[in-house]
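Residue numbers (the working numbering), protein chains in the order written: chain A, 1 to 320; chain B, 1 to 274; chain C, 1 to 324.
Just so you know, not all the hints are guaranteed correct.
Residues from chain B that face chain C, not an exhaustive set, calculated with beta carbons under 7 Å [to be verified]: (1) Gly86; (2) Leu194; (3) Gln199; (4) Asn202.
These are calculated hints, taken from the structure and not from any lab test.
Source: prediction; values computed, not measured.
Cβ coordinates follow ideal geometry from the N, Cα and C atoms, glycine included.
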Amino acid sequence: MSYLARRLGHAILVLLGVSILTFALLKLAPGDYFAGMRLNPQISPQTVTALRHAYGLNRSLPVTYLRWLRSALRGDLGYSFAYNTPVWPLLRSRASNTLILSLLAMAGAWLVAIPLGVWAAAHRGASLDRATSAGTTLLLALPDVLIALGLLAFALRTGWFPTGGMASVAAQAMGPAARVRDFVLHLILPAAALAAGVLPILVRHVRSAMLDVLDSPYLLAARGHGIPRARLLFRHALPAAANPLISLFGVSLGTLLSGSLLIEVVMSWPGLGPLLLEAILERDAYVVVAAVLLSAVFLVAGNFVADVLLYAADPRIRAE
Amino acid sequence: MNDQAQTQAESREPLLRVVNLQKRYSRGRGWRRSRLLIEPLRGIDLQVHAGASLALIGASGSGKSTLARCLAGIERPDCGEVWISGRQSGYSENAHASGPIYMIFQDCGLSTNPRFTAAEIVSEPLLISNWGTTRERLHRAIGLMTTLGLQADAANRRAGEFSGGQRRRLALARALVLEPRILILDEALAGLDLSTQAQMANLLLEIQRARALTYLWISHDLTLVARLASDIAVMDQGRIVESAPVREWFAGPRSPQGQSLLQAAGAWRSRPAS
Amino acid sequence: MDRLLEVRDLRVCYRKGTEPPTHVVDNASFDLAAGETLGIIGESGCGKTSLALALLGLLPRGGFVQCGEVRFKGTNLIELHEADLQRVRGAEISFVHQDAGLALNPVLRVGDQIAEVLIAHRRISFRQASGEARKILAQIGFAGHEQIDRAFPHQLSGGQKQRVAIAQAIACGPALVIADEPVTALDALVQVEIITLLKTLQQHFHLALILITHTPAVLVPIAHRIMVMYAGRIVEQGLAPEVLQAPLHPYTQGLLDSGLDLLPQESPAGPLSSIPGEPPNLAALPAGCAFAPRCSDRMEVCQTREPVESHSGKSRIVRCIKYE
Numbered sequence: 001m002s003y004l005a006r007r008l009g010h011a012i013l014v015l016l017g018v019s020i021l022t023f024a025l026l027k028l029a030p031g032d033y034f035a036g037m038r039l040n041p042q043i044s045p046q047t048v049t050a051l052r053h054a055y056g057l058n059r060s061l062p063v064t065y066l067r068w069l070r071s072a073l074r075g076d077l078g079y080s081f082a083y084n085t086p087v088w089p090l091l092r093s094r095a096s097n098t099l100i101l102s103l104l105a106m107a108g109a110w111l112v113a114i115p116l117g118v119w120a121a122a123h124r125g126a127s128l129d130r131a132t133s134a135g136t137t138l139l140l141a142l143p144d145v146l147i148a149l150g151l152l153a154f155a156l157r158t159g160w161f162p163t164g165g166m167a168s169v170a171a172q173a174m175g176p177a178a179r180v181r182d183f184v185l186h187l188i189l190p191a192a193a194l195a196a197g198v199l200p201i202l203v204r205h206v207r208s209a210m211l212d213v214l215d216s217p218y219l220l221a222a223r224g225h226g227i228p229r230a231r232l233l234f235r236h237a238l239p240a241a242a243n244p245l246i247s248l249f250g251v252s253l254g255t256l257l258s259g260s261l262l263i264e265v266v267m268s269w270p271g272l273g274p275l276l277l278e279a280i281l282e283r284d285a286y287v288v289v290a291a292v293l294l295s296a297v298f299l300v301a302g303n304f305v306a307d308v309l310l311y312a313a314d315p316r317i318r319a320e
Numbered sequence: 001m002n003d004q005a006q007t008q009a010e011s012r013e014p015l016l017r018v019v020n021l022q023k024r025y026s027r028g029r030g031w032r033r034s035r036l037l038i039e040p041l042r043g044i045d046l047q048v049h050a051g052a053s054l055a056l057i058g059a060s061g062s063g064k065s066t067l068a069r070c071l072a073g074i075e076r077p078d079c080g081e082v083w084i085s086g087r088q089s090g091y092s093e094n095a096h097a098s099g100p101i102y103m104i105f106q107d108c109g110l111s112t113n114p115r116f117t118a119a120e121i122v123s124e125p126l127l128i129s130n131w132g133t134t135r136e137r138l139h140r141a142i143g144l145m146t147t148l149g150l151q152a153d154a155a156n157r158r159a160g161e162f163s164g165g166q167r168r169r170l171a172l173a174r175a176l177v178l179e180p181r182i183l184i185l186d187e188a189l190a191g192l193d194l195s196t197q198a199q200m201a202n203l204l205l206e207i208q209r210a211r212a213l214t215y216l217w218i219s220h221d222l223t224l225v226a227r228l229a230s231d232i233a234v235m236d237q238g239r240i241v242e243s244a245p246v247r248e249w250f251a252g253p254r255s256p257q258g259q260s261l262l263q264a265a266g267a268w269r270s271r272p273a274s
Numbered sequence: 001m002d003r004l005l006e007v008r009d010l011r012v013c014y015r016k017g018t019e020p021p022t023h024v025v026d027n028a029s030f031d032l033a034a035g036e037t038l039g040i041i042g043e044s045g046c047g048k049t050s051l052a053l054a055l056l057g058l059l060p061r062g063g064f065v066q067c068g069e070v071r072f073k074g075t076n077l078i079e080l081h082e083a084d085l086q087r088v089r090g091a092e093i094s095f096v097h098q099d100a101g102l103a104l105n106p107v108l109r110v111g112d113q114i115a116e117v118l119i120a121h122r123r124i125s126f127r128q129a130s131g132e133a134r135k136i137l138a139q140i141g142f143a144g145h146e147q148i149d150r151a152f153p154h155q156l157s158g159g160q161k162q163r164v165a166i167a168q169a170i171a172c173g174p175a176l177v178i179a180d181e182p183v184t185a186l187d188a189l190v191q192v193e194i195i196t197l198l199k200t201l202q203q204h205f206h207l208a209l210i211l212i213t214h215t216p217a218v219l220v221p222i223a224h225r226i227m228v229m230y231a232g233r234i235v236e237q238g239l240a241p242e243v244l245q246a247p248l249h250p251y252t253q254g255l256l257d258s259g260l261d262l263l264p265q266e267s268p269a270g271p272l273s274s275i276p277g278e279p280p281n282l283a284a285l286p287a288g289c290a291f292a293p294r295c296s297d298r299m300e301v302c303q304t305r306e307p308v309e310s311h312s313g314k315s316r317i318v319r320c321i322k323y324e
């Protein structure tokens, strides 16, 4: 158990570090939300100064940070200048949209990558293995944005999928079943674009981890015991190859999240991505901090889940 | 040793003297530390005279290898002293490669970097201890390799091209190049084919005669020990439970641990009676 | 005696890149009766492991059987398809590998690893298989250890791991067990335990056993017949007492001299006897007899002509020009 406790401690330290860094970078970047008002002749400099004072922007970095930290620990993440509302309600629905998108992309990517990687490893050197390798190279070479644009073009041409948003305009008028169907149709393309970005990396890792194990003496021994091929691959080899893959699982969540911010903007999915982009452009400081922190929470949670899985999967780690 | 008087003086004082050597490991962290305490050495006293050939035998986990590593200075004992020809020796990072004791491990044949040439491998300890010029080092390395039955043209071949037996010869040449007084052989012949093993054993005996070396064998192969050692020490649970000259021991070990070891070796020792 | 296994003119090759294939086993013919123990000895690289792997179609990449037959209970295993071979492996013929530490899956419990073998060959549930596995473990010397089936390999000692590997091999009641250097990695006390265990099991289940080793001494208490391999050829085979007492081939003589009878009361002081030189590179065998360069009885003809098998007595075969 001390292993997991240590991991949890690490996670909290990472979150603290991320919040400090975000604060510092925002402070170092020139200007703030009210900088734009100075150029507006209708607003007097006194008003701007008063506003900055009211919002606490004239305080020093450590003071601002500590005040923010104190309220954040009570569950208050600050106030959005641009939307003129508290940050948390604004963020909540956006975050859950991002989470749905990322988790679906993650599940999809792994569900494809594991069989494909195992299969490629089992047929090492065969033409299908080489085709997989060429396919992953191609996907790796294509920028995510291009894949997203390609999928959008595909949707427009065929008309099979809606483009943009997460519900049709007419969704309010639909029955529950139709609404779910509408939502799923909106979800598929962004999720596919997102999954396509990480898929080649996952496939390659699954393949190489499996190759290492397939060459091991215990796999030869298991083959010598007449274990059927499919069982050999998935019951004997895959668990033994799982270690590096579980670590990769944590990392892949991070990759997906940063990827999702971009995909969301391009495919207009109402997640954290578009919100964060606007907030950065407008220097809406507390929204930026909260959004970054939330992404970090996802990432850290992903890694923590990976650690728990690793602990469960490898008896040698448990024994430590 | 060209100094006669010194040699005589040393033959009275044992070359290697070990006094109450202890070593313990604890596994686990924090408060659980004391729970998993392993004591591979619980007070070893040992004397080895120059030119002797002592075999440490015992079941796996009896502490043989830990003792060897402490003697070679690779591990720091928790307590106790190691004296080599009247001088106390201590722990250091590189002790096993430069001091009067050199240790050869079981997989020594495999642990050479396959991209190094034979001459580079053999002369590397000289380079590390800043001995002589490049030409002198090469000369000494090649001379030693010839003595050990490696052809002179082998010097520029890479280690990867040598067979298992030849790689052991290389490892031995590397061990001898700094002219240590004591050679610790930790299962150094284990896993070799019998005829290669016999070839290596003969080579080691020859070298011992020629160079007045002292050997410390760690082996679980009693048939080999019988031919190579002059004395035997039986270890069990971190202690030396019995020591005797080799013939005396084989005639009748006194400790129960020794008896069961000899019995195990005897189980398939002899050919069916003719 | 009924013949369980008949191997005829087996040739095993390895292909590396575009080079012509290397024959690692050539012209191998031998028989094995039910309940018989055959010891195969030879130096490393003589082809004994390749021979064993070839019997079950388990050769690594690049390895293949070029010609020959392996008849097991009348069926030629070489011609079987992978799916049919898989039904033979573990059920009829099973394999114990060199180092049990490496041959057990590190992330599966040892009980489950035995159960896996049972599930692969019988129509039983996982629960039944686990129960069976516990029984086998108790039978094989873990009687006092209640929870042993829940252990992972890294929690066991070397000898215990080898026992588990043997349990896997006998789980389905095979007719033949092939053990490749089953005791080489173990210390002397444990070696005796394992060999004794193999002998007990062999008698109990009327197993045929092929025991591969490079230390002839291991074979003394257990082998009925012995086969000696050198450079991919079987150079001598015969009943164990005959081969051990009166080896015919100069290689067998050298091998036995460097291995047995070493306790000091019996052995002369002075150098140990050994065969000079090293085994040849299989990719570049010398002309004539492969052993000729190291042989003390070498004749001129040995360097030009390959020896053929000559029979002496009922089951004694030797491949040496001296006896032709």
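What hint numbers does the structure not satisfy? Violated hint: only 1; rest satisfied.
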